[in-house]
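S.K.: Each chain, letter by letter, is given below.
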Amino acid sequence: MGEDLDKLKIQVNNLNLWYSSFQALKDVNASFKERLITAIIGPSGCGKTTLLRVFNRMNDLVEGVRVAGTVMVDGINVIAPDTDLMTLRRKIGMVFQRPNPFPLSTYENVVFGPRIHGRAGKNELDDIAEKSLQAVLLWDELKDRLDKPALSLSLEQQQRLCIARLIAVRSDILLLDEPCSALDPQATQAIEELMRGLKNNYTLIVVTHNMQQAARVSDETGFMLLGELIEFGETDQIFTRPRDKRTEDYITGRFG
Amino acid sequence: MRNPRRTEKIAFFFLFLATALIVLPVGLIVVSIVRKGLPAISWQFLTDIPREGMRGGGILPAIVGTLYLVLGAIVFALPIGLFAAIYLSEYAKDNVLTRIIKLAIVNLAGVPSVVYGLFGLALFVVFFRFGASILSGSLTLGIMVLPIIITASREALESVPQAFREVSLSLGASKWQTIRHVVLPNGISGILTGTILGLGRAAGETAPILFTVAAFYHPQLPRSIFDQAMALPYHLYVISTQVPNVGDKMRYGTALVLLGLVLIMNSVALVVRFRFRKRHRW
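Protein sequence lines correspond, in order, to chains A and B. With the working numbering, the residue at position 247 of the first sequence is 247, and numbering never jumps. With the working numbering, the residue at position 226 of the second sequence is 226, and numbering never jumps.
These are computed hints drawn from the structure, not numbers from a lab. Treat the hints with caution; some may be incorrect.
Unchecked claim - Cβ-Cβ distance ranges computed for the label pairs, FRET-style:
1) A/Pro185 / B/Gln162: 28 to 38 Å
2) B/Pro4 / A/Asp184: 27 to 37 Å
3) B/Glu8 / A/Pro185: 49 to 59 Å
4) B/Val23 / A/Arg196: 37 to 47 Å
5) A/Arg98 / B/Ile41: 19 to 29 Å
6) A/Asn29 / B/Val75: 52 to 62 Å
7) B/Leu15 / A/Asp84: 50 to 60 Å
8) A/Arg98 / B/Arg129: 55 to 65 Å
We put the CB at the ideal spot given by N, CA and C, even for glycine.
The shape of chain A in the complex, shown without the other chains:
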């Protein structure tokens, strides 16, 4: 399989995180490989979303948050205080639980990032919009009504649009925080299909409480419990031969 040749994209070492006095992450160590889908599973409140939000420093928005350890992304420690958050967040995009397009047109949503980051002319923006929408398989559906409000799209289309918005700013890591929890099973399947396709060009990390989804879509899986990363490995192994009793209890539905 040549797994050893896979390049490590994100390396997490001894990561600890506190919200004021509450410790949300405890000594997390993990490596995320480039151009794979890694799933993080675990019960509510286990810290999986917190971990995701460490990568693009969205936890900074929470008052009283403290972080220790290192998170190397392409060899750069993003936890360092002097990290340029604007560059970091362009590189590491995030898809949220509820599709959250801006109340603008479809077109304006896609080009929001490039427009803000400046310098792109009209033609260039049009080009970016087309390529980004093509990447999420929305172009053919929407190319004739790009000026329609994004909020009038279906939830699945909105979620695709949110992914297109990241592609437009040339993110190369996509963090997906329960991206399908607001979607029906069919839309979920479509988004999962899209994720598999995106794997060719992007590194995806998906947080989900849906174990079937993790099993279906991911290459590697981490199981978290009460702020600790209990087990991390190939998805097949985690779901068929878990090493830790707690992992086994969780995936067999004994709690969660």
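Could you slot chain B onto chain A? The hints should help.
M.R.: Only chain B this time, still in chain A's reference frame:
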């Protein structure tokens, strides 16, 4: 003994009654002012200076004076109020001090307007030596409407979903870019509503301009912001109580013009709001 259907009917009745009680007086006021004031409205009334000891002629100086005062107040209060609202809603940490400041601003909106008048007299007229002038009056009215604009704008900005800010930041936008491109466009409606309220208040108040700008009788147009000026509310007060034998027509005509002026200014703000929404397609 509870009967939900009857409770529902009673609730509906009282809620409807309350609404009717608000609409009815407003309607009566407007109807009576229009009915008694409309006969006074003529080209001469709108474009002439007062004559015959304010018993005849027109009210042009008062119209122009009020326009200047309201414009001056908004030019002064809108930017400051908006910036303060942005600071309070987006930058200030949520602590005791911030909450006290917010509460103080809300309370300022309830301070009697005559107090603002005295304050303007002491600060602008006397201390800064602006004298009784359009400048002093505008600044006083501006300070009076500041709390209205700040509070309405702050609430408008705070009602913009947090998720919008998160998405914008997660796309690599800076805080200011997020405010400029996401928060402000989505809050503009509420900001303009606050400004409209401020406009109406500034146009209609008598007390704040009493000591700071208003002239009893000054039958010419102001030439600079350091001039005294007549103003519609004060003129209305004068011809209603200080000058004997002024016809009903003159008084209601003046009231109608004041009402119309506020209405026109509000409509302009509404159009601006509509345009803005259209451009943002939501």
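S.K.: What hints, given by number in increasing order, does this structure fail?
M.R.: When the structure is compared with the hints, numbers 3, 4 and 5 turn out to be violated.
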